[in-house]
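Novice: Use these hints to put chains B and C onto chain A, whose structure you have.
Residues per chain, in single letters:
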Amino acid sequence: MIEFHLDGRSGVAPYLQLIHQVRHALRLGLLREGDQLPKVKDVAAGLAINPNTVLKAYRELEYEGLAAARPGIGTFVTGTLGDGASLAAHGPLRRDLQRWLAKARGAGLDEESIEALFVSTFRSAREEDIA
Amino acid sequence: MTWLTWRQFRAQALTAISALAVFAVLLAATGPHLASLYATSGISGCQATSCEHLASNFLQQLYAAGTYWVLYLLGVVIILLAPALIGLFWGAPLIARELETGTSALAWNQSITRTRWLAVKLTLTGLGAMALTEGLSLMQAWWAAPIGRAVGHGAGGTNLAMGRFSSLVFATHGITPLGYAAFAFTLGVTAGALIRRTVPAMAVTLAIFAAAQIAMPLWIRPHLFPAHHTVIPVASLESISLQQGGLNGRSFALSAENLPGQPGAWLLSSGAVNAAGHPVSTTPAACTAQSVDNDTPAFLGCLDSHGIREAVSYQPTSRYWAFQWTEAAIYLALALALAGYCFRRLGRRLS
Amino acid sequence: MTAVIETGSLGKRYRRLWALSDCTLSVPAGHVVGLVGPNGAGKTTLLSLATGNLLPTTGTIEVLGGRPAAGQAQLARVGYLAQDAPVYTGLSVAEHLRLGARLNPGWDAGLARSRVERLDLDTGQKAGTLSGGQRAQLALTLAVAKRPELLILDEPVASLDPLARREFLQDLMEATAEQGLSVVLSSHLVGDLERVCDYLIVLVGSRVRLAGPLEELLAGHHLLSGPRRDPRSLPDSMQVISASHTDVQSTLLVRTSGPVLDPAWMVSEVALEDLVLGYMSQATGRGRRNHLEVQR
Chain A
1 MIEFHLDGRS GVAPYLQLIH QVRHALRLGL LREGDQLPKV KDVAAGLAIN PNTVLKAYRE
61 LEYEGLAAAR PGIGTFVTGT LGDGASLAAH GPLRRDLQRW LAKARGAGLD EESIEALFVS
121 TFRSAREEDI A
Chain B
1001 MTWLTWRQFR AQALTAISAL AVFAVLLAAT GPHLASLYAT SGISGCQATS CEHLASNFLQ
1061 QLYAAGTYWV LYLLGVVIIL LAPALIGLFW GAPLIARELE TGTSALAWNQ SITRTRWLAV
1121 KLTLTGLGAM ALTEGLSLMQ AWWAAPIGRA VGHGAGGTNL AMGRFSSLVF ATHGITPLGY
1181 AAFAFTLGVT AGALIRRTVP AMAVTLAIFA AAQIAMPLWI RPHLFPAHHT VIPVASLESI
1241 SLQQGGLNGR SFALSAENLP GQPGAWLLSS GAVNAAGHPV STTPAACTAQ SVDNDTPAFL
1301 GCLDSHGIRE AVSYQPTSRY WAFQWTEAAI YLALALALAG YCFRRLGRRL S
Chain C
2001 MTAVIETGSL GKRYRRLWAL SDCTLSVPAG HVVGLVGPNG AGKTTLLSLA TGNLLPTTGT
2061 IEVLGGRPAA GQAQLARVGY LAQDAPVYTG LSVAEHLRLG ARLNPGWDAG LARSRVERLD
2121 LDTGQKAGTL SGGQRAQLAL TLAVAKRPEL LILDEPVASL DPLARREFLQ DLMEATAEQG
2181 LSVVLSSHLV GDLERVCDYL IVLVGSRVRL AGPLEELLAG HHLLSGPRRD PRSLPDSMQV
2241 ISASHTDVQS TLLVRTSGPV LDPAWMVSEV ALEDLVLGYM SQATGRGRRN HLEVQR
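Residue numbers (my numbering), protein chains in the order written: chain A, 1 to 131; chain B, 1001 to 1351; chain C, 2001 to 2296.
Keep in mind the hints are simulated off the structure, nothing from the lab.
Predicted, not measured: the structure shown is a model, and the values here were computed from it.
A virtual CB, placed ideally from N, CA and C, is assigned to each residue, including glycine.
Hints are supplied without guarantee of correctness; some may be wrong.
Sample of chain C residues facing chain B (criterion: CB under 8 Å; computed from the structure) [to be verified]:
(1) G2071
(2) Y2080
(3) P2086
(4) V2087
(5) Y2088
(6) R2098
(7) N2104
(8) G2106
Computed spacing ranges between beta-carbons, pair by pair [to be verified]:
(9) P2235/C to Q36/A: 48 to 58 Å
(10) E2216/C to T1101/B: 37 to 47 Å
(11) S120/A to A2029/C: 38 to 48 Å
(12) H1223/B to G2124/C: 53 to 63 Å
(13) R1345/B to D2230/C: 50 to 60 Å
(14) E115/A to S2233/C: 25 to 35 Å
(15) W100/A to D2230/C: 38 to 48 Å
(16) T2002/C to I1017/B: 51 to 61 Å
(17) E112/A to D2120/C: 42 to 52 Å
(18) L1218/B to K2126/C: 40 to 50 Å
(19) V1199/B to A2029/C: 42 to 52 Å
Not close to chain A: a few residues of chain C, all C-beta gaps over 10 Å, as computed [to be verified]:
(20) Q2083
(21) S2159
(22) V2248
Pulled out of the complex, with its shape left as it was, chain A reads as follows:
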């Protein structure tokens, strides 16, 4: 069974952090299909956070098709993250990214500008996908 932790300073909402940690565990193979996620009560007690926060995270995972709740028993992993699960399988993508980074540095951008450029492009691209 995995154990959650919270980064109080990251600025990321707790429920999102929980979701990320489940997805990360899935990616690393720590969680497999059929495994039980920690009980809401135990997560709330362990982290001293509101149970509704945990419920929200679990519901979101359910919505994404990654988990399913069995009333009275618990929440169980039902899906995987698709075959993009292994980071190691994306060598070409990684090399493309490294080339782009070199170009950005060559253009005179400092680290914060590179990050800002990436984040804003990433977000607007996501919004276009939704629209």
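Specialist: Frame of chain A; chains B and C shown alone:
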């Protein structure tokens, strides 16, 4: 709630019971001897004329022995103090302590209403208070029965010879202790509820209770029933207190200490009156000689010849239990009123 | 969803001073509600009115649909933990549990016992010799084992050391999850509230300044930083809560439902601490000094 009341009350209850036990042991150790002294005094089979003499001898004997007088006094003091101590240590902390320590927030947020909380506490502790005080009184009455009987036969002349209407005896025998206990207890609880601090509440309870216990015998008890008045010849008085004063014995005050033909009556006041019925305190000129010589019988005879008689107001002894019931009822009514006030006050939310 | 606490223009006056005025709230069930504000703002007064320890001067209050402390049934549905966790110092832990069992028809003895075992409390120990954290835990056990629907806690962790505080909140969250409790807790320690609460009420100067689901409130407020500007020049859709200025720069806490489009502003998200401080300075008119403790 019964369990909680007992558990919180345990220490006080055990203190009271051990005090009661010690007192009981003292009485039990000396009581039988006292009874045998009485038996050998010959009062039981006495003839009317010798009774008073035998009874007085008996009491003087007891008084001279020392221990009996001390124990008697101790008993009286304990019974008089018991209601006050109950009011202070059982009554005042009942609500005040809970408010002071904040445990009221704990107690009154269990699934029990404040009304029920108070009802159980008041009833159980109050009944305990009454039982304790009355128990002390009954034990003392059992032990001192021989003394009481001697007094009933008209004994006099010592401190032990207190009539049952006297302040000390009236307040420690019969059912008045019940009333005092109930009143002092509820007084303490009310003080605690109003003042919300235990120690100041104890002080106020003591002050008010003491005031009541002084006011009752002085100003209220004598007037509970209309007094009887009678005028008797000065010479027929058996026991008097005569004070003469002024230049050449010009003024006098004559007070009777008992009323012939009314043994055990409670004398409220007495004083000399002239033939017309008006109070007299100036010595008639003709009698100054006897007053200067301190010749009491002659002086009285002289007063008598001038038409001066003694006016006495008194309560007959037959009214003893009427007085007891009335006084107990007054105190119980006060206790109930105070308790009712506490319920109302608690219901209006103290904090 | 039904409201656990419903008030209408609730007010409480002590002699001349209004401890709470014009309080209208509808607190939904199933949440952990944080009641926050400086000392003396009226938090304890509001909670005392909710438990029936006080009677209102004006207005109405309903708890779980009934009048507070109206009777045994109503009292059984609400658990209360007063400030500084009062316990009977002369009674042992076991006797406290007995108290709970005798005075509460809904008492869950198994739950009480398991909690005490887990907390490693010596049942024979007198409650007066327990540490502050243990006393708080004992009081929580008493409040929770009677199986209430609503739990009200007045500054439950204010006097506890950080470890005891953490353990207390962990236990509280576990009980909340397990029993489906609604919780209302007041605190002036903001750090605890952020993790634990999902509904917020800000009480400053005896009035409710803000009330709503925490996430919504945080999303609806923004911290704007930019060139010095008169707050009144902002559009009406933006409500300025508090503002501080240097000679060239302004920092504003605003409440708005839409996005901030003016490019001159640097927009940051608001944390609970900033939110509460902003409303406190709005109420008192003081920007810098405040009584809110920030502990993390």
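Novice: For the hint 42 to 52 Å, verify it against the beta carbon of V1199/B and that of A2029/C.
Specialist: Holds - the Cβ-Cβ distance for V1199/B and A2029/C, about 44 Å, lies within 42 to 52 Å.
Novice: Given a hint of 38 to 48 Å, does the C-beta separation of W100/A and D2230/C actually sit inside it?
Specialist: holds, 44 Å
Novice: Could one say that the CB atoms of E2216/C and T1101/B fall in the range 37 to 47 Å?
Specialist: holds, 41 Å
Novice: Range hint 51 to 61 Å: satisfied by the CB atoms of T2002/C and I1017/B?
Specialist: holds, 53 Å
Novice: If we take the beta carbon of V2248/C, is the closest beta carbon in chain A still more than 10 Å away?
Specialist: Check passes; 23 Å lies beyond 10 Å.
Novice: Within 53 to 63 Å or not, the Cβ separation of H1223/B and G2124/C?
Specialist: holds, 59 Å
Novice: For the range 48 to 58 Å, tell me whether the beta carbons of P2235/C and Q36/A fit it or not.
Specialist: holds, 51 Å
Novice: Okay, E115/A versus S2233/C on CB: inside 25 to 35 Å?
Specialist: holds, 33 Å
Novice: Hint says 40 to 50 Å; check whether the CB-CB distance for L1218/B and K2126/C agrees.
Specialist: holds, 48 Å
Novice: Would you settle whether the hint for N2104/C is holds or violated, based on the nearest Cβ-Cβ distance to chain B being less than 8 Å?
Specialist: holds, 4 Å
Novice: Run the C-beta distances from Q2083/C to all of chain A and say if the shortest one exceeds 10 Å.
Specialist: The claim holds: Q2083/C sits with its nearest Cβ about 20 Å from chain A, beyond 10 Å.
Novice: Restraint: V2087/C near chain B, CB-CB cut 8 Å. Satisfied or not?
Specialist: holds, 7 Å
Comparing the model with each earlier hint shows no violations; every hint is respected.
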